Amino acid sequence: MRRGGRLREQFSLGWACIFTGAMVLFSLFPVYWVLATSLKTRRDGLANPPLWIFDPTAANYLKLWTHETFKYTFLNSVIVTGSGVLLSLALAIPTAYAIVRMKVRGRSLVGIWLILAYMLPEFLFVLPMFSLYQWTGLYDTHVGLALMYQVHVLPLSIWLLSSFFREINPAIDEAARIEGASHLHILARIYIPCTLPGMAATAILNAIWIWNELAIALGLTFSKAQTVTLGVTGFRGYAALDWGAMTGASIIAIIPMLLFALVAQKHIVRGLTFGAVKG
Amino acid sequence: MSDIRFTNAHKKFGDVEVIHNLNLHVEDGEFIVLVGPSGCAKSTTLRMIAGLERMTGGDLHNGGKRANSMTAAERNISMVFQSYALFPNMSVRQNLSFGLKLRKTRATVVDHEVARVAGMLGLDSLLDRKPGQLSGGQAQRVALGRAMIRRPDAFLFDEPLSNLDAELRVQMRGEISEMQANLSTTTVYVTHDQVEAMTMGDRIAVMNKGEILQIGAPADLYERPANTFVAGFIGSPRMNLMPARDLLADAEPTDGPAHGAAVTVGVRPEHILVNSEAEGTRIGDAHVLRIENLGHEAHLHVRTLRGIKLNVRTDGEVHHRIAQGARVSLTVRPGMLHTFHSSTGECLA
Ligand SMILES: Nc1ncnc2c1ncn2[C@@H]1O[C@H](COP(=O)(O)OP(=O)(O)OP(=O)(O)O)[C@@H](O)[C@H]1O
Ligand SMILES: [Mg+2]
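Chains as they are written, first to last, in this note's numbering: chain D, 1 to 279; chain P, 1 to 349.
One or more of the hints may lead you astray.
As a list, the in silico EDC-like pairs of lysine to aspartate or glutamate whose alpha-carbon atoms are at most 20 angstroms apart [stated by the list, open to error]: (1) P:Lys130 - D:Glu167; (2) P:Lys12 - P:Glu74; (3) P:Lys12 - P:Glu53; (4) D:Lys103 - P:Asp15.
Treat the hints as calculated values from the structure; they're not laboratory data. The model shown is predicted, which means the values in this text are computed figures rather than measured ones.
Okay, chain D solo, but in the shape it has when bound (with noise of 0.2 angstroms):
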């Protein structure tokens, strides 16, 4: 009976694992098909039926070397996430720190737009600034772009921050403040170095999602702001399509973003988790 017990679970155990298996490389099929065709010469990359085994060429990735256009977008897509970081995590840390510790109301809010802002598509938000950042001559900025991704990555870091802010016992501010301290240097010098964690999570979630994205920039952009979505998209020509080119440069795209992420993997899980704030 107990033998019986220990085998089924050992046998669920192992459907378990097969199931798991299995998701995992479904959903990493993908990035293994861009990988492989981005190694393809443009022979086997259009074969029909796909080529499974093939002789693996850097020449796309070459090619990529060269290609100042790509690299450029590239570039831009460096400048656009970064600034629309820095700038995001400016604007949400003092917000949060009012909402949770100056009793300004507004959380409420914030939910709403955060909700708002995941359940429109960003395209909305494209059309009617279009025509306000042409005559502002923030169309095809950096600052413009940097600008236009606050309104999807705001809400989620001010949402973020104010949780983990909320972790700090109150009266901590308030010895503080019965030392002397202003708000201002309650910010810096306690709670920003008690969430460091909290903090990289969110300027992680926000880099990662203002890297990947496509349809603001698309709108925004023509030429000297393009971000590097729009570069990969690119070497989709009139009359042809360049795989190679393509998938190698989804895959440089895609590298800035992975290493981001495995080298701050434990601090988005902690930071998402339990520990924001450092004890």
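Fit chain P with the ligands to the known structure of chain D by using the hints.
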């Protein structure tokens, strides 16, 4: 001069008034203990002194200066919290020097003061630790050090010892009392603990529902409680309080005013004598329901023949003489019967 004076102070949270007309004068150098049941606005009173809560009416003077609209920083007051509230990302040294640095004190002076306070509180070897690496008692010492390093005009304590174990509590109680006596800094101390209240303060203020019901020296409050609330609150185990006719129906000799229908009498457990021939008011016989022996003393739970339950405090050897279920005679020591007005609760004598 750094006395603290509330005049007709009011505090509302939204529509709820938690302090109605508070008048309190803490004299320069005095140690006042605030006691009262949970929610009676002890912390709120303290936080108004600190500048963490604004009053919604009345005046607060600090050292003669009107402090109503001063910020916490402007008041030069220190506070020790129940949760210690140390800055978790800073070392003990940084915690101690935080306030001095904000006041732009010279680095050599800061170092000197940190060394002085650390020496006094035995924190020398802990200066580079983070609060997370301290025991409760050590954290409490750091909180004390942070409070005293600035030489403030007043100390505020909000149940500072309630997170410590019994032994440490006794030790810290002594240390805080000594520190206050040495510095003679005006102090307001909130506690739930009877022993802290009776032993630490120059005066005790008993609060209920946002009002001070009585303020005075510990012995005064114990001997002459002004009303049934204070009578029941000060002293442990609590004073026995009941309608006079229940307790004194069989009493002899008949004791003056205590017999009226509208009178509540109170008698402390330690003022009831068991099977004693000594002088006093005899209140009849009772059965012993339960004996709680603490070693140095014992608590007897008894029920009189009329069904009134009383608490009696005796010496620790009582169990050699009296067994559970035994019938005993009870006598109140002369002059130890307190009488109160039944409906107002005010003391009659
Ligand atoms: N920020 C606040 N908002 C609304 N009501 C509050 C606030 N702070 C305190 N109160 C209310 O004011 C009353 C007094 O609270 P306070 O904390 O001063 O009580 P206390 O005597 O310190 O109690 P305890 O012994 O439990 O610490 C309570 O009824 C409490 O609910
Ligand atoms: Mg309290």
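To see whether the hints hold, each was checked on the structure:
no. : hint                : in the structure
1   : P:Lys130 - D:Glu167 : holds (18 angstroms)
2   : P:Lys12 - P:Glu74   : violated (23 angstroms)
3   : P:Lys12 - P:Glu53   : holds (10 angstroms)
4   : D:Lys103 - P:Asp15  : holds (17 angstroms)
In terms of the numbered hints stated before, the structure departs from hint 2 and from no other.
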